[in-house]
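For this one, chain A is given, so just place chains B and C on it according to the hints.
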Amino acid sequence: MTIWFGGDYNPEQWPRDVWDEDIALMLRAGVTVVTVAVFSWAWLEPEEGRFEFEWLDDVLDRLHAGGIGVDLATATASPPPWVAHRYPDTLPVLSNGTVLSGGSRQQYSPHSATFRRLAESLVRAVVDRYSDHPAVVAWHVSNEYGCHLSHCYSDEGAAAFRIWLERRYGSIEALNAAWGTTFWSQRYGSFDEVYPPRDSPTFINPTQLIDFDRFSSDALLELFLMEKAVIRERSELPVTTNFIGAFKAVDYWRWAREVDVVSDDSYPDPADPDSPVLAAMSRDLMRSLRGGQPWILMEQATNAVNWRPRNARKTPGVNRALSLQALARGADGIMYFQWRQSTSGAEKFHSAMLPHGGADTRIFREVEQLGAELGALAWIEGDTVRAQVAILFDWDSWWAIEQRATPTQLAYPDLVRDWYRGFWDLGITVDFVRPGDDLGAYALVVAASTFVLDDEARAHLAAAAGSSRLLVTFQTAILDRDLHITAGGYLGELQQTLGVVVEEFAPLAPADPHGLGQGEAPGTAIDGELGSFGATLWQEIVRVVDAEVVMSFAVGDAAGEPAVTRKGDAWYVATQPDRAGIRAILNAVLADSGVERLLDEPVDGVEAVRRGDATFVINHRGEERTASVAGAALALAPREVRVLR
Amino acid sequence: MTIWFGGDYNPEQWPRDVWDEDIALMLRAGVTVVTVAVFSWAWLEPEEGRFEFEWLDDVLDRLHAGGIGVDLATATASPPPWVAHRYPDTLPVLSNGTVLSGGSRQQYSPHSATFRRLAESLVRAVVDRYSDHPAVVAWHVSNEYGCHLSHCYSDEGAAAFRIWLERRYGSIEALNAAWGTTFWSQRYGSFDEVYPPRDSPTFINPTQLIDFDRFSSDALLELFLMEKAVIRERSELPVTTNFIGAFKAVDYWRWAREVDVVSDDSYPDPADPDSPVLAAMSRDLMRSLRGGQPWILMEQATNAVNWRPRNARKTPGVNRALSLQALARGADGIMYFQWRQSTSGAEKFHSAMLPHGGADTRIFREVEQLGAELGALAWIEGDTVRAQVAILFDWDSWWAIEQRATPTQLAYPDLVRDWYRGFWDLGITVDFVRPGDDLGAYALVVAASTFVLDDEARAHLAAAAGSSRLLVTFQTAILDRDLHITAGGYLGELQQTLGVVVEEFAPLAPADPHGLGQGEAPGTAIDGELGSFGATLWQEIVRVVDAEVVMSFAVGDAAGEPAVTRKGDAWYVATQPDRAGIRAILNAVLADSGVERLLDEPVDGVEAVRRGDATFVINHRGEERTASVAGAALALAPREVRVLR
Amino acid sequence: MTIWFGGDYNPEQWPRDVWDEDIALMLRAGVTVVTVAVFSWAWLEPEEGRFEFEWLDDVLDRLHAGGIGVDLATATASPPPWVAHRYPDTLPVLSNGTVLSGGSRQQYSPHSATFRRLAESLVRAVVDRYSDHPAVVAWHVSNEYGCHLSHCYSDEGAAAFRIWLERRYGSIEALNAAWGTTFWSQRYGSFDEVYPPRDSPTFINPTQLIDFDRFSSDALLELFLMEKAVIRERSELPVTTNFIGAFKAVDYWRWAREVDVVSDDSYPDPADPDSPVLAAMSRDLMRSLRGGQPWILMEQATNAVNWRPRNARKTPGVNRALSLQALARGADGIMYFQWRQSTSGAEKFHSAMLPHGGADTRIFREVEQLGAELGALAWIEGDTVRAQVAILFDWDSWWAIEQRATPTQLAYPDLVRDWYRGFWDLGITVDFVRPGDDLGAYALVVAASTFVLDDEARAHLAAAAGSSRLLVTFQTAILDRDLHITAGGYLGELQQTLGVVVEEFAPLAPADPHGLGQGEAPGTAIDGELGSFGATLWQEIVRVVDAEVVMSFAVGDAAGEPAVTRKGDAWYVATQPDRAGIRAILNAVLADSGVERLLDEPVDGVEAVRRGDATFVINHRGEERTASVAGAALALAPREVRVLR
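Chains as they are written, first to last, in our numbering: chain A, 1 to 645; chain B, 646 to 1290; chain C, 1291 to 1935.
Keep in mind that the hints are not guaranteed to be accurate.
Looking from chain A toward chain B, a few residues come up when the C-beta cut is under 10 Å (computed) [what the hints assert, rightly or not]: (1) Val38; (2) Pro80; (3) His148; (4) Trp255; (5) Ser342; (6) Ala346; (7) Glu347; (8) Gln496; (9) Glu529; (10) Leu530; (11) Ser532.
These stretches of chain A come out as covered by chain B in the derived footprint (C-beta under 8 Å, 3 or more residues) [claimed, not checked]: (12) 10 to 19; (13) 26 to 33; (14) 226 to 233; (15) 302 to 309.
Just a sample of chain B residues kept apart from chain A, beta carbon distances all over 12 Å, derived [unchecked claim]: (16) Arg762; (17) Asn821; (18) Asp1125; (19) Gly1201.
It is worth saying that the hints were derived from the structure and are not from the lab. In this text, a Cβ means the ideal position worked out from N, Cα and C, and glycines have one as well.
In isolation and in its complexed conformation, chain A is listed as follows (with noise of 0.2 Å):
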């Protein structure tokens, strides 16, 4: 198989003459594979029940007659008119009670009987029709789960969510005790007494909120197997939905396993000079979400979106700088959305492949140019991207670090990010793990902000630390998995592990500027024997038991206590450092550790990662760049993407 490149094939809004021209400009561009029908619902089954395929028979002729493979959609993502017309109790609730309504797309409760048996019924037909079909490469399962709607309020959500928590916990008074309802007056006496939270007058219990969360994440995991379950009764295709990035209201990890193979969505603000760390970071959670294996870069723009309040474009060779940057961490597919650009509809201004302009613009020669050049790396295909540090990436962390009525208000990817950058500004790939995960393989296990770790995964952590440096930054293990403080103390065992009790929080989150009255909420700074550096959003007071400090706050009510302290090889940053803090700190942890990096010293915009036996360096500025890699100077043009061997 070769490499993926193409992109969301929508020949329903064109005529078929245009639909010649397409194919033609596919191949002319080197298109291998394109997904077709992921919106088509309403042009396969215009009224309940009755199917008009033949149009898509046609689609897929031509496509298999000129060589290129079809992703097949499933066709559920967005319900036709129909269904909320005679079907109302298909439409989704918010936690306020206003019921959504169509005219844009996925308007449908995942709670639905209905919706999931009209969307069965579909799948089941479209699997019929074309499970044998040559140009069928695989099946591409509804899209983006949860991306507009990912909770739903509804009266049959509420029931769904107690035969949920019913599931999960055997008995009433075995949710009280996870949920502490013992405060607040909130005892249950039976399980019909549980709603989803609504709006409420103030802060909800924590323990239902995020639970409600895990309950939304699986009923969309629950549409995505009912789906698979009808495909495999015809085909053993390769299936997948689309992913899309560091995903806060869908649980991956549980996700992933499911799919045969992991596809993401990604569009990084092109406006944003840290887009290419954050398109990075994607890339490898991707990767990690199925232990390594490659995965599909399912849609992209090749130029500018229209979901942004400003939406920039991208300018020349940032497309494939970033299409190659996935390759390098383990893509073996780069797709975009959309094949040629919409000319109405809510989309219109969303790039394609094929823009307004038509073939005879920058966009469309960068098209071919990238199509040319996969073609040139087939090669890579299935190679593997090997990394010696881990970080952990927890959902459950998310959820309860980002609730209210916590110390502050705190951006879990983000905290994540800057840990992660530190390693990207060295050229240090990183895989991301699961808590509980073995984590034996790895040099270094990075813990930020982990704010939510049950017995097992802190015990693995602790584990880890025989064998691997450990770092572990401020919020990590405050609360098990029922979000009860942990036993013990914050950090539990890890206490003896790091060698220090986190005894007060003293965050410094800005100031958020629609809050209530309050004062400046100023940065810090740390000193110590790794130098003088700024940091903000948080402070630990720590008590220090039998590690070294390392690091000490130096200004403000907090200065003189310990801001980075170590143990043997297991470090505890009580704050967040700024970039150069943490390559500080990154430095001293990985001394002497082996751990390879790929760039002898960071460079702005410049990044290094291997794959197999190649290593891509990218310069990801407008501007030339000079990288040292393994001792030797290599100039770089703007956008230059060198694949060394």
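Okay, now just chains B and C, sitting in the frame of chain A:
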């Protein structure tokens, strides 16, 4: 007829002995006309079908005895409490399903058959009673249509929307084609499946949205036409309804042909130094709506209003300057809300002709002076204002460019205002025109971000370029009336007129502080033969076919790309230059055009405009200014208005 | 009786073996009283009508055995899940129609008859059981009335509102007159037509709004009185309910006469350097509510709370300084929420007397020290605080001045706080008084933006000016109790007292960043015989009749207009001067007044107040300070509190 001078008179707020003082003070102030009964429904029909006219008889008789004309309202603007209590189906519904309640005003759905029935009954009673009353000089239908509630999403509204759509499209297939429902599985099987654009999980179909905007404007217009028809059964007096400037929700081009005289409510913010420009723009729009016919300034404030977060006062002279500005720009009436300042209710802090402090106040003294002055200026009544420059103003473009899911968030009136201000600075009078209007009479036509242009309008504009100079700015003719991308590419046939092709958008709009985490959105700069200037909001990547590049982008990722081009007298501007840049461009565009400018040089805060044979020169600033008019230096005291004949 | 020292004790969160440790540690810390069962409804009545008291018997017996008194809660603050599940009519409704759900706390409508029935049944059961228990020393009714939900817009609430209105007004004609329904066609035909101020197209009738504020405060008070009546059937022990400082939704003047002792919950933000002033103001208000009677600080935090966006900790000494401040300002009890920090639920990150880290922590050590110290200070119990200065504090003014459709958006407590701080800086103790109170005992009376004053209150104030000095600031007596403009003009008869007429408002309040596009809102400056100072928020254009102009506006469009005037000992201030300006004005107003000041010079962060014969001097800052007290220099360590007798 003399110039109207007066205001809303709501005597039901006071006992009758106050009415005597009112008439006496009106006469002292030179009041000629008052608007009566705008909010009197509850006093005219305290319960359904029982009318009480005696008090209004008395008011009208007293005014007539004083020689004061009456602009008599139909009193339908604010239904009494019994309407909503007895008929909850009259209440408006928001897009999220919230049913609004009474307690304020305008709590009716334009789509409610019950409301229309009740309103019609009231209007008939009022007209029957007063059509022959000698005080009445005009009819004032309702009040500020759409001001607080323009879009109602009720089920009754949904039914009306379906009828409107069926009338527009004829068949559901035509609607599907216009709305581009091929995308996102939005194909409708019948009109029954269509709903108003209620809250939905993500971006709603753009054509559905703009059709709902059009429908909502039309539904209000139908209310007006219903009332007008009732009036016409008995009276041939002029009928008006008070507009509210450049107001997004109502397409005044469609309305203006239905009123006998345009009237406007105008409340520029005295704290905004740009308010004289904004006021002038609004006055020119009002004059343009009926082809230059004199109009009535129906409402303004003598001093502060009460509905802004901060309600600045009008310092001495401001009220006079803005009033004479209106006169100079075509108004034949200078009216206020309201005659006597309320002592209770929601508008008690809104200033009036007679303030809380009574007649011995600065405000009343200024009113008296202005009344006397307008009496002396009566010779101007009926004179016309002549413009050599036309700027397109288009509600479809407004509605479309401010939708979400566009390249960036732009504010249509601000885009037009920047260019309008360029002419204001130079003392050049401008007409506003509607796309598709005959443009032959103008020396220069400006299409400033006229986002939506249909085939006919583009053809008109291309044709105008044969006889007039043409200035087109970015984001013009991107979409057709169905909000599809213009056939043949952005600009359509204007590509030939202008000699350019627009290939990519690179918006620079300032970051929305509440938006997603995006990078900084800097301005840009342009330079070239006209000099060097700043620019903001936008960059287009333009391919020049056969035009001359006058200015180029000077910095950023578009550096070197064309920013201003000309092909003969057809100019294209791919960004929003700063005030000096716009002035330089206009100077170049107007060179040797014969367009008269009343100011030799722009002077901060100084405006000049000619009506008939009188030239008004106004200093809007609180400091002295010297203007050069026709080569002569003119010294202007603070807030001074000079009338030169 | 000794000083109360203790906190909320919620033992149902832990197994009974923890209770043993609780009692032991309470005794070690010197705890004298705890509040029990505030959130225990679900544990006392797990299903309707079935009560479980055994556990609470045990708790009370243990506490009594330890010699610890119990402030026993009626447990009605948070209904159990079965209440909402079985009786959805108990749930509150927002102004937009959203019905709130459970999951947090206080999910009841004050207007629900079902809720009142269930609450009454519970209180009766609790009082029957424990009215004779020897541990009980007081009754604690419900909790923080109105905290999360003060205004309920349900249909049942609408019916209650109509009854309240009928009681207030007697006839619908009287309501129409009071509400000014002559405007905007709001005339009501009957009380049936009146609704709560639910969401409406624009500004709701101001008197309707304030009547709904008054009604909502009264409806909560009725709940309290119902519970108190049940208690009084069986017990003569003191009854209280915990207030929450200067809280907008509840008019504590009306409440205070119904409680036997005032108690307060106080959570100043440790990150706010002004928090000692705000705390002092709240304490003086609490003392003033019942004419100087000692009060209970019922809740505070030892360290951080959990409900702000950023929850700063209390650094060493802060808790002690604020506790002794409360004692000095009249408190006879220093209590906390809560005894032992929760390990689950919505408040687990709210600090407690016994933190997560247990007894070997800075926090518990500080608790122990404070307990010992309060034991030694028991001699102060019952002593009174004497003030020579009175500041008006008025809920009607608060509700009215913060309405929309006013000249600008002002925050009433901030307006008062600025003047309060002027006295705090000088070590001058202040009482708060209610408009209409007898003011004869005070040397100086301050009306700071007392927006609403009825005839009687204005007369009182004018009369006070005969014997006391009087300081009135802008926006005082603008409205009467019906929110009509004061008869006779702004200020009413105070025009004569002050020798000025207020003719216009020129607000300077900072631009609302989310408001309409308005110009900049700069501050202003004043100068004159007291010096030159900055000022903000407001300018009034004042006509001086027979006063002396002390200070004038120095800049802007009001330059030269009077800013501070005096007529004998009656002063008027037409703006909000900065801190130095206020101090200068107070120095002038107080000259030769004999008002005692405890600090010779203001010192940043240093407070002085006298209770009985003890003068407390408190340094609230983390740095050393030197204060001059009665001519003697007093060196104060960081956070030091000195008690001088």
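Structure-based check of each hint:
Annotation: Val38 (chain A) was flagged as interfacial toward chain B, and the flag holds, the nearest CB pair being 9 Å apart, inside 10 Å. The beta carbon of Pro80 (chain A) comes within 5 Å of a beta carbon in chain B, closer than 10 Å, and the hint placing it at the interface holds. Hint status for His148 (chain A): holds, given a least beta-carbon distance of 4 Å to chain B, under 10 Å. Here the hint on Trp255 (chain A) is broken, as its CB sits about 20 Å from the closest CB of chain B, past 10 Å.
Look at Ser342 (chain A): its Cβ gets to within about 6 Å of chain B, closer than 10 Å, so that hint holds up. Interface hint at Ala346 (chain A): satisfied, since its Cβ lies 4 Å from the closest Cβ of chain B, which is below the 10 Å cut-off. Of the supplied interface hints, the one on Glu347 (chain A) holds, with its beta-carbon coming within about 7 Å of a beta-carbon of chain B, less than 10 Å. A distance limit of 10 Å between C-beta atoms decides the matter here; for Gln496 (chain A) the minimum to chain B is near 38 Å, and the interface restraint is violated.
For Glu529 (chain A), the interface hint is violated, the least distance from its beta-carbon to any beta-carbon of chain B being 34 Å, above 10 Å. Here the hint on Leu530 (chain A) is broken, as its CB sits about 29 Å from the closest CB of chain B, past 10 Å. At its closest, the beta carbon of Ser532 (chain A) sits 28 Å from a beta carbon of chain B; the interface hint therefore is violated under the 10 Å criterion. A stretch counts as covered by a chain when three or more of its residues have a beta carbon under 8 Å from one of that chain; for the segment 10 to 19 of chain A and chain B the count is 3, and the coverage holds.
Check result for the segment 26 to 33 of chain A against chain B: violated, 0 residues qualifying (beta carbon to beta carbon below 8 Å, three or more required). With a cut-off of 8 Å between beta carbons, the segment 226 to 233 of chain A has 0 residues touching chain B; three or more are needed, and the interface restraint is violated. Only residues whose beta carbon comes within less than 8 Å of a beta carbon in chain B count, and the segment 302 to 309 of chain A has 6; three or more means the coverage holds. Every C-beta of chain A lies more than 12 Å from that of Arg762 (chain B), the closest at about 28 Å, which supports listing it as non-interface.
Not every CB of chain A lies more than 12 Å from the CB of Asn821 (chain B), the least distance being 9 Å, so the non-interface label is violated. Once the 12 Å rule is applied to beta carbons, Asp1125 (chain B) is inconsistent with being away from chain A; the minimum gap is 9 Å. Non-interface call for Gly1201 (chain B) relative to chain A: violated, since the shortest CB-CB distance, roughly 10 Å, does not exceed 12 Å.
The structure fails to meet hints 4, 8, 9, 10, 11, 13, 14, 17, 18 and 19 from the earlier list, while all remaining hints are met.
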